[in-house]
Amino acid sequence: MDPIRRSLLGQLARLSAGAAFVPLASVAQAGINQQPLRREGDPNKRYGMLIDLRQCIGCQACTVSCHIENDAPLGKFRTTVAQYEVENQENGELATFMLPRLCNHCENPPCVPVCPVEATYQQRDGIVVVDSDRCVGCAYCVNACPYDARFINDKTQTADKCTFCAHRLEAGLLPACVESCVGGARIIGDMRNPESQISRMIADYRDELMVLQPEKNTVPQVFYLGMDERFVTRPNAEPVALEVLDPQGQEMGYEFHH
Amino acid sequence: MAKSSVNSSRRRFLKGAAAAGGAATFVAGYADPLMKLAKGTTGSAGETPNHPIHGNSLAPEYRVDLDSGELTLNPDQRTAFTICYGCTTKCGVRVRIDNTSDKVLRVAGNPYHPLSADEQLPMRTPVVDALRSVSAYADQGQTNRSTACARGNAMMSQLDNPFRVDHCLKRVGGRGERRWQKISFEQLIEEICEGGDLFGEGHVDGLRAIHDHDTLIDPENPEYGPKANQLMVMEATDYGRSSLLKRFAFNAFATRNYGHHGSYCGLAFRMGSGAVMNDFAKNAHVKPDIQHARFIMYIGTAPSQAGNPFKRQGRLIAQARAAGTLEYVVIDPGLNAAASHADDHNRWVPITPGTDSAFAMGVIQWLLNHQGYAKAFLELPGKAAADAAGEATHSNATHLVIDSKDHPRRGHFLRASDLGLADAGSDNDAPMVMTAGELTNSEDVMAAELFVDRDVALADGERVRVKSSMTLLRDAANEYDLATYAEHCGIPEATIVELATRFAKHGRRAAVNCHGGMMSGNGFYAAFGVQMLNLLAGNYNMKGGSAEGGGSFNGTGAGPRYDLANFPGKRGPQGVFLSRSRFPYEKSSEYQRKVAAGESPYPAKAPWRSFAPPTLTEHLPSALDGYPYPIKAVIGCMANPIYGQAGLEALIADKLKDPKRLGLFVAVDGFINETNRYADYIVPDSVMYEVWGFTGAWKGALGKMTTACWPVVEPRQQKSAEGEPVSLDSFFIAVAKRLGLAGFGDDAIPDAEGNLHPLNRAEDYYLRAAANIAFQNDPLPEADDADIAHSGIAPLLPKIERALKPEERGRVAYLYARGGRFEDFNDYFKGDRLTNAWRRTLCIYNETVGTSIDTTSGKPNRGVPYHSLPLLANKQTMREVFTEEDWPLLAFSFKSNLMNSYAIGNERLRMIKPYNPVKMHRQDAERFGIAHGDTIRIESPGGSVIGLALVSESVMPGSLGIEHGYGHRDLGATPHVIDGESQPDMPWMRAGININDLGFKDPTRNVDGTWLEPISGASVRQGLPIKVSRA
Amino acid sequence: MNSTIELLAPRYDIAWYPWAVQYFFMIALSYATLWLAAPALVLGKKAWLPTARLALLACISTTLVAPVALLADLHQPLRFWHFYAYATDSSWMSIGSLILPLYVVSVLALTWLAWRPALQESRNAPGIRGFIARLLAFGSGATPRALVALVGLVALLLSSGIMLYTGAELAIVKARPLWHTAWLPPMLVATGFITAAGLLLVLNRVSGIREHATNTQMLKVLLGACAIAGLIALTWLLDGINANVGSVAAALESVRHSPSWRNTALWGLLSGVLLLGVVLWMLTRRGDQQRSLLHWSWLVGLFAIHMGWMFRWVVLMDVQTVARHSAGFHHYGIPAGSSGLLGIVGTFGLWLAAVLVIDLFIPWRHAQQGGHAPANPVNDSDHAAVKGAVHHG
Ligand SMILES: Nc1nc2c(c(=O)[nH]1)N[C@H]1C(S)=C(S)[C@@H](COP(=O)(O)OP(=O)(O)OC[C@H]3O[C@@H](n4cnc5c(=O)[nH]c(N)nc54)[C@H](O)[C@@H]3O)O[C@H]1N2
Ligand SMILES: Nc1nc2c(c(=O)[nH]1)N[C@H]1C(S)=C(S)[C@@H](COP(=O)(O)OP(=O)(O)OC[C@H]3O[C@@H](n4cnc5c(=O)[nH]c(N)nc54)[C@H](O)[C@@H]3O)O[C@H]1N2
Ligand code: SF4
Ligand code: SF4
Ligand code: SF4
Ligand code: SF4
Ligand code: SF4
Ligand SMILES: [Mo]
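Chains as they are written, first to last, in the UniProt record's numbering: chain A, 1 to 258; chain B, 1 to 1031; chain C, 1 to 393.
Calculated directly from the structure, the hints in this document are not laboratory data.
Note that beta-carbon positions come from the ideal geometry of N, C-alpha and C, so glycine has one too.
Treat the hints with care, as some may be off.
Claimed, not checked - Quick list of in silico lysine-lysine cross-link-like pairs, DSS-like style, CA-CA up to 25 Å:
id	chain 1	residue 1	chain 2	residue 2
1	B	Lys405	B	Lys859
2	B	Lys383	B	Lys282
3	C	Lys46	A	Lys216
4	B	Lys103	A	Lys155
5	A	Lys155	B	Lys39
6	B	Lys719	B	Lys103
7	B	Lys859	B	Lys594
8	B	Lys587	B	Lys405
What the hints assert, rightly or not - Cβ pair distances, simulated, as ranges:
id	chain 1	residue 1	chain 2	residue 2	range
9	A	Asn91	B	Leu421	55 to 61 Å
10	C	Leu237	A	Glu251	36 to 42 Å
11	A	Arg200	B	Thr100	25 to 31 Å
12	A	Glu251	B	Arg879	34 to 40 Å
13	B	Pro584	A	Glu93	44 to 50 Å
Could you build the full structure based on these sequences and the hints that come with them?
This is how it looks when you write it as structure tokens:
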């Protein structure tokens, strides 16, 4: 992708450009493929997450603690942290870029309306969940999420995804990934409460915050501080080497491939 | 017609058959859906999770009301504080445990613990408040977190790791054949103590026979000491139980030969630091006060990639990035997680492996030539001046060193006694300095000249040349010009100057930090030079400078409640270490004999290192070659030198298999690793969360702290006949008791009143140590019921009651309820100075080094840092022996931020990073016709491995980076057979490569050894000569 | 070589398995063949009767197989009833789940009506055939032409629903730019007709009917469908060539970065052109030359089918391997088992079985457009095959 386009998207990605808090944006997509009514959850809250990339050290504590807390199958992830080696556009110096990702609990989630049985839905507190009793495992939502935030859980044979650890939020506790964020990069909270840490940080950094794939008009509610515009969309990079070699140099494949 | 009807019926038959065939393939092809349909009749084609929305997410450990903050415990779970064994950072963690299954559910950080918490809670905080503090209540848990890293989270699977050793094992067949039989703990103890023909390979001396303090090992060389030294004990490092191990090794059995991983961890760095801090006893070192520093150069250490303390440094550097208070550079052959693209105030500067002395001396040269040093501080000649200046210490920058070549006092400081102004060794026999052209006693003046180079007359009238330490340093720094330094280390001259300028600009808030990167062929002087920068900046003991740290509360000394350091019948070890350390070769019989025979005493048969600590890197190879003397038994505890020391396996594996070279090899361990694979017996040890002990912070914690470890879950392994879990503790207790050694069994531990108490169980020892800690300084309060209820220590209480006096119990409970004892956060600073200060004289010139002799060349060692290229044992440069033509690249290793040296068994870590491709520079790739993603063969003088090339610009040209933690052959990578039953074969645990397989035997040695850094004897793992080709 | 390196990124599996390809393939055949049967069945065009017979056979068989493949792509197949218990108007898949059964029923009805007269005829045939005929004929009452036409119209209407929903189901997925274009649905339909025409050419040969009219008609359909497909592809390309987001951009990016995508694109283009060329050439031949050429039109048919299937494979499988928020492409190797090759072969097996069973027990070859008895008895296909007689129609 050409640089001009990237920075265009970069602009688009900025909160100041109104990439977030536009619930009306969903109305733009009137008629078919419009999200069914939100149900359950506290209507007075709107949960979101802010990830301060300057404080992400790429330790993967979030990935592992989430995996344990939520019993994800080996090889499937509710959250991941990708690692890149990037050239600084000003001085050409190389540095490491960490990109933690999870469900964006989009204000206009494309994964929800496609569900043929309304098994996945958005709570009134903004959290997008899946009812595994109703889910038929058609994987339509998995394809419909632009962020690879969903997967079919091989154990339950139903769709699985980040719930913002709703079960912990309910108990007045923090999500596993936030609780164990070594660098202190992940901040979750109720954005309707102006006193919350996340509200205050959004206020302070509004112009610097970005979201992922703004052009998809999903209105993500996971905001990034210290984001490089080149990464708001699919990065133009030498893809990760996925080979796993044994001592003889034979490719072994991925142990946890399904 | 007939024909056609036959035809048609045949055709109809064929069609029918085809139809049937079609239907059949369909049924086969539809197998999965059919199965799901069948399973679906139960309501779901998969497992039905606990909750339709939350799936199988764990039940919360407690609930906190977000309005009132009221906290309600979940009765089915408990949260307890203990230690993480995920790496040597040894963080304090909070462990969530299911009360019914006793399974660990998840692990996070202990909020009282400085290594886990942003700002740890004051010690006196009630536990319930501590639990609340990590909740969402008022965002507390994320404004001040206490975390466990990825490994710290994943490590809980070690408890139920299928490859865990849970039973006493005795080898079947030859050593290293990976075949075992289970035996009882009692049989194990008997065989180890009494010996005999244990394996049908002939008689083996047991520990009883080896425990001989009356017979010399070798009358020819009496300094080697008694036969008892033929037991060698080794461990990884102090994971909290070393004091018990040493009590056994040094003071009960009393062997001289105890070793730990230091020499293949970071010894070259530690000694370089010890040289500056004037402490070769402990090789003290410092860490930058990241929160207040303005400029830091990380040279061969990578906070947030690895580094110790891993979590704390990673977090502080991250916060400093966000706060914009700190600018730092990472000087490293490879780019790593420390250099963050999300922020502009940090930067990666590539350097050629093994050349740090060039960089350091280059910077020193610039600083000296541009007054870029803390002049006022360095001019302080002695304690008096330091006190007057309000400094905790001073340096020897102004002290004069006798520099006349053949003078007997060459290399020594010019002292008052040399001028007849004091008796040698007396209190006022201080080093002399120059003030206003006058020789003066360093304690008599407030400032002295930094650069002195002149003749002086000694008391006996003899004139000698003296130079100030600063002058010696400047001479060394000026041996090469900047351009040459730049050329050697690969960092452009301009960059060196720029970094030096910035370093100088930030004065005493500029600091350097180094570690594993110094494990190179000139590591000691590299580290000496790098640490010298801290001294030139005068940043020791300064807020925002270099911090010594708070140390720990020692419970195992002569404490307020019990004396755990002394006991009736205590012995001290005698004789020379196997590694010939801390003993001047010149005092050895070997030396005397040679001199007497009129031959040159140099080179010694193998290196002797007069001021290096005992080094495991030499212990094993030397012992197996019988120099200085052979040994009869090894007990290894949680150590894996064969995986961890470059080139060791190729060097000793065959010798280790030979019972004639080593009679008995006992391993105490939770797992079978690459080293104890060769053991005769394996004692199943407790695994983290099941262990006792006390650990301190490695460094980097500004306050005094001690982590208290206790079995928060019941140890899973075999129990002894007495019902005690078999473990390191119970093993040494049982051995000592069987051998009737002092300090164990009944009447082993004196209390403050001198009454003796038993040491029959682990808790007899550790709980008394806990009492000592709880009662130190101003004693801890007593735990209340709420503390006990919220800290999950209920299982511990009966033990406390059994072992301790009533007045001790409450305070000890208070300690364990908080996972240790920690100095409060706000006690760290006094003004712009650190509370916990380093008080010894800091060394520009180190007299011990400067007066020591290199036993392979007979030449004196340099007392100031200087630049040299990596050296082999005989002081040839590595490149003279392994030329660039034959070995064009230099391999270096860096720690995985995820996988440590024994984490490979953790599925959740393998799942994220199953493999370690090697970092290679594009230029080199092109040079050798290698493309990104190619499979390549990497060969060294010592071995050859096959890896996957990751071609980029994120590594120094000419070097090849290998992430450490992969390429295992044990710990599950190869199945062992136990009682005829094979462990599962897990090919993926063999994945990847270990740079140590590329290590090699130093060809310039007479007694076998791997490539070791000359001064320290540290294993060289950085800058190994290699060549690569497409595989 | 790129200066940005991806050091660590998770592996993602595909969400829809080859079952989806099989469904989209079968259902496309189903609706397209229905339309090819229409001229005769609905409008009563005599000239299309032989074609209609083949088309109806193809239609009913694929209509029966398609839902079976669809069910298999659910991880919770037995929960299919949730589709009806919790129908969701915002989901094209839900809408589809409502249309599909109605469509299947309409096709069944239509087929029954079309075959009924023939069934009535062979009621006294020996053995099972007679038995089945008696069973299915439902008495000797006449089959009103109008009814056939009406049911036909309803079926056609519902089939358009199928065309719409299968296309829209993919086209609305923003997350997969390559799907997210209004041009995909029409393209699916066009390629559907290419495939259907191809199939009929093949059936025309293997059934031994070897109807000349069918060959020419289908070649013409092919010509038309190819032209339209080509046109759609072109407009899609021109429409998006300058946009830097959207499906064209995504396609170009894939083609730029992946050799396998380059090959795919090249293959698509070449086979399209080739097919168009051959068909044109065949149709523009005259007299005997054409006649003898048309013997080989079944080969053209096979080629057309392969195009239709491959197009669906690329769209449904390959597109899923394009990474969405990491670099490059995810690896997907077709597994051998049920969720892969075996499943694919299995669905074809089921279809073959269906066709053969019908051929064995149902006199589809004698089917009329509703009502009238055959003017002159149609030769039994077996004989025809034996004689290899050429028909005039
Ligand atoms: N994640 C993780 N953290 C850990 C541990 C772990 O196993 N995993 N272990 C702990 C232990 S025991 C220790 S000792 C510490 C060690 O912590 P560190 O010293 O930070 O780690 P190392 O990987 O030993 O080496 C540090 C860096 O030196 C670089 N290097 C290699 N050769 C050279 C050289 O010649 N010059 C320079 N300037 N740099 C060079 C390597 O690329 C590496 O990035 O980490 C502790 N923390
Ligand atoms: N190439 C290269 N080599 C290196 C390094 C490097 O960065 N690169 N790092 C070096 C450094 S810094 C160090 S400190 C050394 C470390 O090397 P060592 O300290 O010698 O050994 P470790 O690999 O840390 O593992 C110690 C052993 O303890 C056992 N163990 C693990 N967990 C438990 C437990 O819970 N209970 C019990 N009872 N046993 C357990 C396992 O068998 C493990 O093998 O390696 C060094 N080697
Ligand atoms: S990130 Fe994906 S899964 Fe999450 S709400 Fe947005 S579209 Fe849905
Ligand atoms: S997989 Fe489940 S949640 Fe997702 S769309 Fe299908 S039914 Fe809905
Ligand atoms: S919020 Fe919970 S589910 Fe979501 S990524 Fe974090 S830990 Fe996982
Ligand atoms: S835990 Fe925090 S710092 Fe570590 S990788 Fe995840 S987001 Fe980054
Ligand atoms: S840094 Fe991580 S692995 Fe090491 S001790 Fe701390 S939590 Fe455990
Ligand atoms: Mo270490």
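- Item | Hint check for leucine 421(B) and asparagine 91(A) - Cβ pair distance inside 55 to 61 Å | Cβ of asparagine 91(A) to Cβ of leucine 421(B): about 58 Å, so the range 55 to 61 Å holds.
- Compare the distance between the alpha carbons of lysine 587(B) and lysine 405(B) with 25 Å, and conclude whether the hinted pair is satisfied. 22 Å, holds
- Query: Straight-line Cα separation of lysine 859(B) and lysine 594(B) no greater than 25 Å?
  - Reply: Roughly 17 Å between the alpha carbons, so the hint for lysine 859(B) and lysine 594(B) holds.
- Item | Pairwise hint evaluation, lysine 155(A) against lysine 103(B), where the allowed Cα distance is 25 Å at most | It holds: about 21 Å lies between the C-alpha atoms, which stays within 25 Å.
- Task: Would you mind confirming whether the straight-line C-alpha gap from lysine 46(C) to lysine 216(A) stays at or under 25 Å?
- Result: Between lysine 46(C) and lysine 216(A) the Cα gap is close to 52 Å, so the pair fails against 25 Å, i.e. violated.
- Measure nothing beyond the straight line between the CA atoms of lysine 155(A) and lysine 39(B); if it is 25 Å or shorter, mark the hint as holding. Holds: lysine 155(A) and lysine 39(B) sit about 12 Å apart, inside 25 Å.
- Message: With the threshold set at 25 Å, check whether the alpha-carbon distance from lysine 405(B) to lysine 859(B) stays at or below it.
- Response: Cα-Cα ~11 Å, so holds.
- Do the alpha carbons of lysine 383(B) and lysine 282(B) lie within 25 Å of each other, as the hint requires? Holds: lysine 383(B) and lysine 282(B) sit about 22 Å apart, inside 25 Å.
- Using the C-beta atoms of arginine 200(A) and threonine 100(B), is the stated range 25 to 31 Å upheld? 42 Å, violated
- Item | Cβ distance range 36 to 42 Å for leucine 237(C) and glutamate 251(A), holds or violated | Holds, since leucine 237(C) and glutamate 251(A) (Cβ atoms, about 38 Å apart) stay within the stated range.
- Take the C-alpha atoms of lysine 719(B) and lysine 103(B), compute the straight-line distance between them, and say whether it is at most 25 Å. 19 Å, holds
- Task: Determine whether the Cβ-Cβ distance between glutamate 251(A) and arginine 879(B) falls within the hinted range of 34 to 40 Å.
- Result: 36 Å, holds
Checked against the numbered hints given earlier, this structure breaks hints 3 and 11; the rest are met.
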